[in-house]
Amino acid sequence: MVGKRNASSSPRAVGGGRSARYEERRARRGGGFQYAPEWSDAAAAAVFDKFHVGERFQVARVVGLLMGVAGELRAWVEELRVSEHDREVTLSILEVHAARMKGAKGGAARKVLGRRLLKPLWDRRAARVPVEGLEVPAAQMCPAWLLRTYSQWERGAAQDATDGTVSASLV
Numbered sequence: 006m007v008g009k010r011n012a013s014s015s016p017r018a019v020g021g022g023r024s025a026r027y028e029e030r031r032a033r034r035g036g037g038f039q040y041a042p043e044w045s046d047a048a049a050a051a052v053f054d055k056f057h058v059g060e061r062f063q064v065a066r067v068v069g070l071l072m073g074v075a076g077e078l079r080a081w082v083e084e085l086r087v088s089e090h091d092r093e094v095t096l097s098i099l100e101v102h103a104a105r106m107k108g109a110k111g112g113a114a115r116k117v118l119g120r121r122l123l124k125p126l127w128d129r130r131a132a133r134v135p136v137e138g139l140e141v142p143a144a145q146m147c148p149a150w151l152l153r154t155y156s157q158w159e160r161g162a163a164q165d166a167t168d169g170t171v172s173a174s175l176v
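Residue 6 is where the sequence shown starts when you use the working numbering, and the numbers rise one by one after that.
Here are the in silico distance ranges between beta carbons for each label pair:
{"id": "1", "residue 1": "A113", "residue 2": "E77", "range": "18 to 28 Å"}
{"id": "2", "residue 1": "V141", "residue 2": "K107", "range": "49 to 59 Å"}
{"id": "3", "residue 1": "R30", "residue 2": "E77", "range": "30 to 40 Å"}
{"id": "4", "residue 1": "Q63", "residue 2": "E83", "range": "18 to 28 Å"}
{"id": "5", "residue 1": "A32", "residue 2": "H90", "range": "28 to 38 Å"}
{"id": "6", "residue 1": "H90", "residue 2": "Y155", "range": "48 to 58 Å"}
{"id": "7", "residue 1": "A25", "residue 2": "A114", "range": "31 to 41 Å"}
{"id": "8", "residue 1": "E100", "residue 2": "A131", "range": "23 to 33 Å"}
{"id": "9", "residue 1": "V117", "residue 2": "V74", "range": "16 to 26 Å"}
{"id": "10", "residue 1": "E43", "residue 2": "K116", "range": "20 to 30 Å"}
{"id": "11", "residue 1": "D54", "residue 2": "V117", "range": "21 to 31 Å"}
{"id": "12", "residue 1": "V141", "residue 2": "E83", "range": "34 to 44 Å"}
{"id": "13", "residue 1": "W81", "residue 2": "D46", "range": "15 to 25 Å"}
Here are the simulated DSSO-like cross-link-like pairs (lysine-lysine), alpha carbons at most 30 Å apart as the crow flies:
{"id": "14", "residue 1": "K55", "residue 2": "K107"}
{"id": "15", "residue 1": "K55", "residue 2": "K116"}
{"id": "16", "residue 1": "K110", "residue 2": "K55"}
{"id": "17", "residue 1": "K124", "residue 2": "K110"}
{"id": "18", "residue 1": "K107", "residue 2": "K124"}
{"id": "19", "residue 1": "K124", "residue 2": "K55"}
Calculated from the structure, these hints are not laboratory results. On a predicted model such as this, the values are computed, not experimentally measured, just so you know. Note that the Cβ used here is the ideal one computed from N, Cα and C, for glycine as well.
Could you build all of it, start to finish, from the sequences and the hints given here?
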């Protein structure tokens, strides 16, 4: 029967951790998943509007764009009406998805990957609140005695004291 070791004693062997050949095997396996950068609001809206045709998305257009050559992808991104930073973000996101798309086997897998690209765009579009017109009610005019400054009020009170009358501003 082996009991628990004392808290002040040292362990018999240091265990755990990765194999010495872990990095070598990982590189040979080709592992490593790369997350795409996060969409900015302006870039997501611009790409959403460009892919959206009528009432639905055309996933085939997304797949065709991502399966094309890199020059077409860059030219497509340059047409977007967004800032230079948003163009760079969009291009990097689309390049990550294009690399995934080119590694996919078969049309069904490519369609799924195309929808994965579109999902954050749908989510951002659903979260945005539509802009409504702002109606500002007309300002009501105040009585003239409310518009007086303190010094005008003070002069008026002094004048009323000499007349013996009580002004409306003192009541």
